[in-house]
Amino acid sequence: MTRPNVEVLTDLWTRMVRIRQFETRVTALSAANEIPGYAHTYAGEEAVACGVIPLLTSSDWITSTYRNHGHSIARGVSLASIASEIYGRADGVCRGKGGSMHAVDQSLRMIGGMGIVAGGLPIAAGAAFASAMQGRPDVAVAFFGDGAVHQGAWHEALDFAGMFKAPVIFVCENNLYAETTSVDYHLRTSSVAEMAVPYGIASATVDGMDVLAVRAVAAEAIDRARAGAGPFLLEAMTYRYGGQYEGDTQTYKPPAEVAYWRERDPIAAFREKLLAESIVDRSRLDLIDAQVQIEVDEAFEHAIAAAWPDPSELLTDVYTTYGVSGVA
Amino acid sequence: MTRPNVEVLTDLWTRMVRIRQFETRVTALSAANEIPGYAHTYAGEEAVACGVIPLLTSSDWITSTYRNHGHSIARGVSLASIASEIYGRADGVCRGKGGSMHAVDQSLRMIGGMGIVAGGLPIAAGAAFASAMQGRPDVAVAFFGDGAVHQGAWHEALDFAGMFKAPVIFVCENNLYAETTSVDYHLRTSSVAEMAVPYGIASATVDGMDVLAVRAVAAEAIDRARAGAGPFLLEAMTYRYGGQYEGDTQTYKPPAEVAYWRERDPIAAFREKLLAESIVDRSRLDLIDAQVQIEVDEAFEHAIAAAWPDPSELLTDVYTTYGVSGVA
Amino acid sequence: MMPRQLVIKDAINEALRQAMEADERVILFGEDIAGGAGRDVEYPQASDAWGGPFGVTKGLLPLFGRRRVIDTVIAETGFIGASIGAAIAGLRPVAEIMYADFIGTSYDQLLNHAAKLRYVYGGKTSVPMVVRTVTGAGFRAAAEHSQTLYSLYAHIPGLKVVAPAFADDAKGLLLSAIDDEDPVIFMEHKRLYMLSGDVPEEPTRVPLGVARLRRAGTDVTIVGVQKMVHTALEAAQRLVDEGISAEVIDPRTYSPLDTDAILESVSRTHFLVVVDESYPRCSVATDIAAMVSERGFGDLRGPIRMVTAPHTPVPFSPVLEDAYIPQTEVVVRVVRELVNG
Amino acid sequence: MMPRQLVIKDAINEALRQAMEADERVILFGEDIAGGAGRDVEYPQASDAWGGPFGVTKGLLPLFGRRRVIDTVIAETGFIGASIGAAIAGLRPVAEIMYADFIGTSYDQLLNHAAKLRYVYGGKTSVPMVVRTVTGAGFRAAAEHSQTLYSLYAHIPGLKVVAPAFADDAKGLLLSAIDDEDPVIFMEHKRLYMLSGDVPEEPTRVPLGVARLRRAGTDVTIVGVQKMVHTALEAAQRLVDEGISAEVIDPRTYSPLDTDAILESVSRTHFLVVVDESYPRCSVATDIAAMVSERGFGDLRGPIRMVTAPHTPVPFSPVLEDAYIPQTEVVVRVVRELVNG
Ligand SMILES: Cc1ncc(C[n+]2csc(CCOP(=O)(O)OP(=O)(O)O)c2C)c(N)n1
Ligand SMILES: Cc1ncc(C[n+]2csc(CCOP(=O)(O)OP(=O)(O)O)c2C)c(N)n1
Ligand SMILES: [Mg+2]
Ligand SMILES: [Mg+2]
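Protein chains in written order, with the numbering used here: chain P, 1 to 328; chain D, 1001 to 1328; chain E, 2001 to 2341; chain H, 3001 to 3341.
None of these hints come from the bench; they were simulated from the model.
Where a beta carbon is used, it is the ideal one built from N, C-alpha and C, also for glycine.
A hint or two may mislead.
What the hints assert, rightly or not - Pulled a few chain D residues facing chain H out of the computed Cβ check, cut under 10 Å:
no.: 1; residue: Thr-1057
no.: 2; residue: Trp-1061
no.: 3; residue: Cys-1094
no.: 4; residue: Lys-1097
no.: 5; residue: Gly-1112
no.: 6; residue: Pro-1137
no.: 7; residue: Asp-1138
no.: 8; residue: Glu-1156
no.: 9; residue: Thr-1320
Can you build the whole structure from these sequences, using the hints too?
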């Protein structure tokens, strides 16, 4: 892959900052008890979503998880509609029916933010299969965590994709933890990438704190898939700064480990790179930072002022077509 | 492992013949429409059950499948009680409630003949785990087919066993087919044994038509497990002579393939070996053959004359303890 | 065109064929739904060896090829999940779960994904897929190949549930299920596959959500669930001799349920018996009984009676299994007791 | 010993602790039921980080160690299946499915194995295991973390189903569930975890299969399902002002169901309302209603009314979720309409 140009690099930076600031706000609001329900933040992992998603066309498919804000923001979902969703408002990206755990936009071909670990993987494989079968160039990307590799659905999804050479990229966000459980305890292999072997699926492990490194491997994986060479398992080594969800006190993380990863912050590192290589100047980056700050402010101001769904929404959209007598 | 002595060798031979003749009768009776329901026969695969099961102590655990007659016979379940079960009689090994697909004896620590592909694997892993935890020497053996490796339950069972070093031996009866579907189509690896790698489980592929070869590897696997070295995946290459179940016309099997495997018949091969190495003489083997013939005759004569379960049996043993008011 | 006699198995096959002819997007997934996969060149005789264990899909492979008649590995979560994704991405998958009993191996995909992907995300997508599966006792197939489990699907908002009892309905409802924009569980009773009936040659749709009156009567309403419609009809026939006129309703679809048809019938007959071979607790039988006890109470002149299997797994032994499945005599006796007070 | 006030969460923790103290065979499996697995030496602060997402099992690790408080990977089929095998091989596993909604990922192990391993094989073995899981809406946890799904278990012969609503019952029923020789699904409502009540210090058992009269009354029987018992009690309290005396029954266990207690109550009050936050179709509400419509019909002076959630997934938005869960006012209105006829 050729080196992305300045516009692309600036755009990647912007998306990462947008995610970070959005999540920082979610954390603050959660701590203040302002947000109903669960919120799983993506801070620390920005380079993964931003390394992969901007490479996709608007007709490629994505499955996400409960930890979806980063994916949605990287995909271009407006901060206001995510914020509204988190607050359960009528103009939320899911009309308030999904909340933080499901805040993805199906009209951007984000199929779901699955609350069930590994639940999205076979679905992504199927979407990819369907694209290929219909002669379309679309690929699918399934995001999931390191903990998901233990699920039967993971096995069956990789098996399906390997068998039918479905153009799907399985992106494992290996953030070293499944809830409180570290990968040292839960994995039997030294990487998730190795686990692809029995399925006949190509794989690679990449530094998930380096957006360009992720991008380079993802681009290859996507190109391969579009060219009919089949699925890919991309493991990105990353770290979640927040708890499993907001409110998790994270007593299970050794401070030295946290410090090590904070040291490798994907946004700070990328900023340094951009400055060191004189790609963008400091004032431009600061401006972006400030603009994003305003965007985030506005998004949440919008959300708390937004209307609640009409109670009649409770009963709509269970089915696309209802029974003859109107009864579900 | 040292070479088994004459008694052991003769016993292995006898068990194999018992399975073969029993299954041959089941096939004939099925063809004559005398047997209710499904029957999945084990003819051709005798060396696997007989290579493994006689090594077990009476307190080791087994999970089997719908294709269980061979496992039960190798375990020493009486032919009469299996035949009665196949006919749904009161003195069947499951009191007539299970039929051919479930004809195993729980009092011999055969936990079940699972009708669900791969359903027994996590259960065997759990039994093994419990033995080890209680400081007992018992191991568990889970039998399953090549087709089962695609199930989520397979993945989760191997994962569990690998993680907790449960003393379980996973025995894959690779008979080249899952129903009509050949392993060439359904596997992405050149063996099932390789699939053990991500679970940190040791494995081997063995000639499943050679009872002594199976026995040698199984003995090692069992010893390892008893010694606390954890699980093992043993893949035995074999062939089913019958259909997926009786009535299956098997149009999917190329005649040359059938001939190739028939040529390598485990019973004929073992007989030749016993004779060639002058371990047992022909007349002794012929006598065993004839005696087994009588056993099988008697078993089925017994079964068709045996009483039906009392209708009250319908309602018993759903629970061990019933509700206070006697209501389930 | 004229209707001909077809057995249900063939009626289903015809529905699949016509749907696939009419719409490129319809594809089939399942284990050995053709058979002999991977050998078409090397050993062509293997192709289409089975058409599924009951031969329901036999003959579709030669017409539509491996591209659309897709033999999967034994991984229900894999191919049901893939069907969901494929449905969203523009296909119309019809996936076969070989026996309804196996649903536990893919239940999450239906419960949390197929059923909810529309509602949770604000109505932006549909999941137009069909899961065909095989229900029912009486085949001497024991506890893991004989269950009905209708209520595991009917309980779940977002799923539709169809369980035909006649050949014309099997064809017409399957065509509607494939047309439908929502996930439909289409349940075929293995003991009805060989039942024949008039079936129109053309692809005539039968709408989901509409019960069918299979016999008119005045003294009692018997609702039969799938195969039990036939038991109800036999009972009704026998009751004629006793001077009892029984009306028999086949709901045909259990979600949506045609509550109006059942209530209307009970408003005339004043008595209701529901016959269902499923487990008795939290079943479609209790669902229908509860609905009428709430909405049709004023019309009732006696208790609602449910004739069901006992609260036990399905036993293998023929004598036990025969005692397990609701028998015509029992329905006759229950109706007699009920109507004669 | 005196009862003290404990919240349900702590009552459950105490039951587990006492069961584990009394019986070496009791072990726990689940995801992060302790937390920080694998780090006990390297970073001991990680140990017991969570005690499950609600802290229900917190404090058991220090007492019983990793040998008996076992953090698993995210593989419900793996550890539920393993629990079955371990139960058969002499242990008494208590496995946690973090949310009832996740049951689809291990449903086969319960449906076809735990529930059937005794019956199918002629009564030679028992499967003494408990699956603890967390039910219920009202936590702003949306469609995949808020379901109850009682009927998916109660439908299945061979499983027992317990769903307590009070602290004393939570403790006493869990102890009985662990003692029980059969597989028991023990359902804990997340919105009740912090509800406190008197709980005896000693390990007092509450038998399975016995309903509890939570309020005596004469005019109507309200059966509440788990958290809805509290809604029923609130409604009963409000109805006093209207001169209506409502009796409130908490079945506590749904399989076996104490049908006698419900029927006896209805025989005195002549009216029945069932309140359940589950999906309305094929639910425990329909089960109870159908049972009474069959066996208690003669006692009824009006329709059986079911106050349930609508046939939709659980919505996230607080305003929608509040409308989703049966509200006290609705129960009051329904009772009023019913009794005043
Ligand atoms: C089938 C299932 N089991 C358990 C859970 C509870 N749960 C939610 S997130 C999680 C940890 C997932 O870890 P990982 O896959 O590494 O993703 P991460 O949260 O670290 O991004 C668990 C156990 C679930 N949602 N689904
Ligand atoms: C979960 C599940 N899916 C499908 C089936 C139907 N089925 C029964 S046996 C079988 C093939 C199994 O093949 P294999 O594992 O190789 O075992 P074999 O029969 O060859 O011994 C299939 C698909 C089943 N019993 N369970
Ligand atoms: Mg993780
Ligand atoms: Mg096989």
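Hints, verified against the model:
1. Thr-1057: This hint is violated: D/Thr-1057 lies away from chain H, its Cβ roughly 14 Å from the closest one there, beyond 10 Å.
2. Trp-1061: D/Trp-1061 check passes; min Cβ-Cβ to chain H is 6 Å, inside 10 Å.
3. Cys-1094: holds (4 Å)
4. Lys-1097: holds (6 Å)
5. Gly-1112: Holds, about 6 Å.
6. Pro-1137: violated (13 Å)
7. Asp-1138: holds (8 Å)
8. Glu-1156: holds (3 Å)
9. Thr-1320: Holds, about 4 Å.
Comparing the model with each earlier hint shows violations of hints 1, 6; every other hint is respected.
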